[in-house]
Amino acid sequence: MPSFTIETVGLNFNFGQQVILKNLSLQVPKGSIYGFLGPNGAGKTTTIKILLNLLKSPSDQVFIFGKEINSNRIDILKQVGALVEQPAIYGHLSGKENLINRCLLLRIHKSKADEMLALVGLTDAANKKSSQYSLGMKQRLGIALALISDPELLLLDEPTNGLDPNGIIEIRNLMMELTAKYNKTILVSSHLLSEIERTATHVGIINHGQLLFQGTIQELQLLNKPLLEIEVDQVESAGALILENGYEIMAQTKSKISIPYASAAESGIVNTLLIKNGFTVTSLSMQKKDLENLFLDITKTD
Amino acid sequence: MRTLYISLISEFYKSRKTLALWAAILLPVIICGLITFGFYSSSERIIAFHYPPMILWANYSGAALGVMGFLIMPFYVIFMAFSVNNIEHKNDTWKMLFAQPLNKFSIYAAKYLYAVFMIFICLLLFASLTFAFGHLLQVLVPKYNFSQYNPLHILINSYAKLFLSSLGILSLQFIMSLFWSDFLKPMGIGFIGAIMGIIIVNVGWKYAYFIPYSLPTLALRITKVNKGANPLEFPVFTQEIWTSLIYAAILFIVGYFIVTRKSIK
Numbered sequence: 118m119p120s121f122t123i124e125t126v127g128l129n130f131n132f133g134q135q136v137i138l139k140n141l142s143l144q145v146p147k148g149s150i151y152g153f154l155g156p157n158g159a160g161k162t163t164t165i166k167i168l169l170n171l172l173k174s175p176s177d178q179v180f181i182f183g184k185e186i187n188s189n190r191i192d193i194l195k196q197v198g199a200l201v202e203q204p205a206i207y208g209h210l211s212g213k214e215n216l217i218n219r220c221l222l223l224r225i226h227k228s229k230a231d232e233m234l235a236l237v238g239l240t241d242a243a244n245k246k247s248s249q250y251s252l253g254m255k256q257r258l259g260i261a262l263a264l265i266s267d268p269e270l271l272l273l274d275e276p277t278n279g280l281d282p283n284g285i286i287e288i289r290n291l292m293m294e295l296t297a298k299y300n301k302t303i304l305v306s307s308h309l310l311s312e313i314e315r316t317a318t319h320v321g322i323i324n325h326g327q328l329l330f331q332g333t334i335q336e337l338q339l340l341n342k343p344l345l346e347i348e349v350d351q352v353e354s355a356g357a358l359i360l361e362n363g364y365e366i367m368a369q370t371k372s373k374i375s376i377p378y379a380s381a382a383e384s385g386i387v388n389t390l391l392i393k394n395g396f397t398v399t400s401l402s403m404q405k406k407d408l409e410n411l412f413l414d415i416t417k418t419d
Numbered sequence: 000m001r002t003l004y005i006s007l008i009s010e011f012y013k014s015r016k017t018l019a020l021w022a023a024i025l026l027p028v029i030i031c032g033l034i035t036f037g038f039y040s041s042s043e044r045i046i047a048f049h050y051p052p053m054i055l056w057a058n059y060s061g062a063a064l065g066v067m068g069f070l071i072m073p074f075y076v077i078f079m080a081f082s083v084n085n086i087e088h089k090n091d092t093w094k095m096l097f098a099q100p101l102n103k104f105s106i107y108a109a110k111y112l113y114a115v116f117m118i119f120i121c122l123l124l125f126a127s128l129t130f131a132f133g134h135l136l137q138v139l140v141p142k143y144n145f146s147q148y149n150p151l152h153i154l155i156n157s158y159a160k161l162f163l164s165s166l167g168i169l170s171l172q173f174i175m176s177l178f179w180s181d182f183l184k185p186m187g188i189g190f191i192g193a194i195m196g197i198i199i200v201n202v203g204w205k206y207a208y209f210i211p212y213s214l215p216t217l218a219l220r221i222t223k224v225n226k227g228a229n230p231l232e233f234p235v236f237t238q239e240i241w242t243s244l245i246y247a248a249i250l251f252i253v254g255y256f257i258v259t260r261k262s263i264k
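If you're matching them up, the sequences are chains A and V in order. Each residue of the first sequence is one higher than the one before, starting from 118 at the first, in our numbering. Each residue of the second sequence is one higher than the one before, starting from 0 at the first, in our numbering.
Since the hints were made in silico from the structure, they are not lab data. Treat the hints loosely; a few may be bogus.
Unchecked claim - Straight-line distance between alpha carbons at most 27 Å, and here's what the computed DSS-like set of lysine-lysine pairs gives: (1) V:94 x A:246; (2) A:298 x A:246; (3) V:103 x A:229; (4) A:245 x A:298; (5) A:371 x A:298; (6) A:229 x V:184; (7) A:229 x A:342; (8) V:184 x V:16; (9) V:94 x A:229; (10) V:89 x A:245; (11) A:173 x V:16; (12) A:245 x V:184; (13) A:147 x A:371; (14) A:373 x A:417; (15) A:147 x V:184; (16) V:16 x V:94; (17) A:184 x V:103; (18) A:227 x V:16; (19) A:342 x A:373.
Unchecked claim - Facing chain A, a subset of chain V residues (Cβ under 7 Å, in silico): (20) 9; (21) 16; (22) 20; (23) 90; (24) 94; (25) 95; (26) 99; (27) 156.
Idealized CB from N, CA, C, for every residue including glycine.
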């Protein structure tokens, strides 16, 4: 068995002259919830479309379940459920009819449609025309459609778009249940880290078509080093003194200097050093960025 | 084959509750119904002409065939080609359709076959209703002499020609509707094409059979000319039918290449 459910090897993709993906090497482990993060227009949806073979990738760059996508399209797609952008629903059919249509295409027993409606809480609206569904209901129907074939891999493109807080929590719980109970693999894209930091086990951060970070959520947190923020007078000369004593300055403003935080004792030493040299330290504090800011920092690099 | 079959079943399932499906049934019912009503309400005037049974059938079925062949048929084909593709454009479901574990050719061919099948059903209903309502008229107005002639052969041949001659337009319109998601472009071009087709045939241009839109009119015109001479012997596979079938085959294959290269953005 391959260790990665999805693996792209130096994937490049262009729309004409415009470069969309540059040397993208995704590695999505089996059984993980992989948060695929990036600002709008970073290349997330394009990547998902390539993973579905809707856009053709160069050969030998995209592997799903260890198989090359272009030569195993049908085999792979049998095991993949997807929700890309807005859910693709036939508005003139009811929710149930949409699911039955999918059952017909995938040769699944029609009873599965009711099961799915119950799973996403649409049983009461089963026979209502789906064009009359609210955005949240459409999104849930989209997820039911993605889940109906009981796929090994789920690709969800911004699944919580337009959902209210309750809906977001429901989807979060559903994703956790699917991976914990049924050992499914989920790749979920988002432009908000806060939205998936509680569910994702792995994170990939993409911007301008390049993967800027990939690893477990713990590894992402490790990147997030705490800083010692020192509020001091005569910032310029205080900075010079700190540098002379072998510390690294991470940031400096008109009134504050930030250096890497090591320990409480170390902070005391820096404080003593400044005071002994005649500076007035008005505050000394440990600062830790939340993941959201870290994410912004990572995607801000260029 | 199995994928083609399930894709086709799905097309029928999707199109229930849509105008495309109902038009195939309502159009023949309404048009044949109106003509029959006309023949019923003005039966005395028509009987006064003392038509021989064959001419009576020709007048009666020609009313539907004329309206159908010259006007409604091209527009119905244009509309079918549009609506079978529009169902995916409108709901933005192309990407979902092509992300299913189904052969792309089957998805495309099923859509095309669905449109062909609907046109076939529509014309079959026209032929059957013309036949059935003719006999109904005979029952309602016993002075008519519909029962003295069997028009089945002529009806089948005429509608078969109409069906085959419209496949060229279908393939052409199918590509346009596949390519453009809006209503106006394929309908506008189709409309102009259909009108042009009729005019070209009527001015008797030698190469009219090269224009797909002229073919239904052309097919029916030749039927009429031959009808006077030997109504039972006119051939179905004439030049314009072959042209239509060649157009249909070539454009069907071209359409498939468009589908496989269609980037789902």
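Structure-based check of each hint:
1. With a C-alpha separation of about 21 Å, the suggested pair residue 94 of chain V and residue 246 of chain A falls inside the 27 Å cut-off, and the hint holds.
2. Under the criterion of a C-alpha separation no larger than 27 Å, the hint pairing residue 298 of chain A with residue 246 of chain A is inconsistent with the structure, at around 33 Å.
3. Taken as a hint, the residue 103 of chain V and residue 229 of chain A pair is honoured in the structure, with Cα atoms around 25 Å apart against an allowance of 27 Å.
4. The straight-line distance between the Cα atoms of residue 245 of chain A and residue 298 of chain A is roughly 31 Å, outside the 27 Å bound, and the hint therefore fails.
5. Distance check on the hinted pair: residue 371 of chain A and residue 298 of chain A sit about 54 Å apart at the alpha-carbon level, beyond 27 Å; violated.
6. About 40 Å separates the Cα atoms of residue 229 of chain A and residue 184 of chain V, which puts this hinted pair outside 27 Å; it is violated.
7. As the CA atoms of residue 229 of chain A and residue 342 of chain A are separated by approximately 49 Å, the hinted pair breaks the 27 Å bound.
8. Distance hint between residue 184 of chain V and residue 16 of chain V is fulfilled; the C-alpha atoms sit about 25 Å from each other, no more than 27 Å.
9. With a CA separation close to 23 Å, the supplied pair residue 94 of chain V and residue 229 of chain A stays within the 27 Å bound.
10. Our distance criterion of 27 Å between C-alpha atoms is met by residue 89 of chain V and residue 245 of chain A, whose separation comes to about 19 Å.
11. The hinted pair formed by residue 173 of chain A and residue 16 of chain V fails the criterion: a straight-line CA distance of about 35 Å is larger than 27 Å.
12. The straight-line distance between the Cα atoms of residue 245 of chain A and residue 184 of chain V is roughly 33 Å, outside the 27 Å bound, and the hint therefore fails.
13. Using a Cα cut-off of 27 Å, the hinted pair residue 147 of chain A and residue 371 of chain A is violated, with the two alpha carbons roughly 49 Å apart.
14. For the given pair, residue 373 of chain A sits about 22 Å from residue 417 of chain A by alpha-carbon distance, which is consistent with the 27 Å threshold.
15. Restraint check for residue 147 of chain A and residue 184 of chain V: the C-alpha separation of about 47 Å exceeds 27 Å, so the hint is violated.
16. Proximity of residue 16 of chain V to residue 94 of chain V is assessed by CA-CA distance (about 23 Å); at most 27 Å being required, the pair is judged to hold.
17. Between residue 184 of chain A and residue 103 of chain V the CA atoms are separated by roughly 19 Å; this keeps the pair inside 27 Å, and the hint holds.
18. Taking the CA atoms of residue 227 of chain A and residue 16 of chain V, the gap is near 20 Å; set against the 27 Å cutoff, the hint holds.
19. At most 27 Å may separate the alpha-carbon atoms for a hinted pair to count; residue 342 of chain A and residue 373 of chain A meet this at roughly 18 Å.
20. With a cut of 7 Å, the hint placing residue 9 of chain V at the interface with chain A holds, because the nearest CB-to-CB distance is about 5 Å.
21. Annotation: interface hint on residue 16 of chain V holds; nearest CB of chain A at approximately 6 Å, less than 7 Å.
22. With its C-beta approaching chain A no nearer than about 11 Å, residue 20 of chain V sits outside the 7 Å limit, and its interface hint is violated.
23. The closest approach between the C-beta of residue 90 of chain V and any C-beta of chain A is roughly 5 Å, which is under the 7 Å cut-off, so the hint is satisfied.
24. Proximity of residue 94 of chain V to chain A holds as hinted, the smallest CB-CB distance being about 5 Å (cut-off 7 Å).
25. Checking residue 95 of chain V against chain A: minimum C-beta separation of about 3 Å stays under 7 Å; hint holds.
26. Residue-level restraint check for residue 99 of chain V holds (minimum Cβ-Cβ distance to chain A is 6 Å; threshold 7 Å).
27. The restraint placing residue 156 of chain V at the interface with chain A is violated, with a minimum CB-CB distance near 37 Å, outside the 7 Å limit.
Hints 2, 4, 5, 6, 7, 11, 12, 13, 15, 22 and 27 from the earlier list are contradicted by this structure; the remaining hints agree with it.
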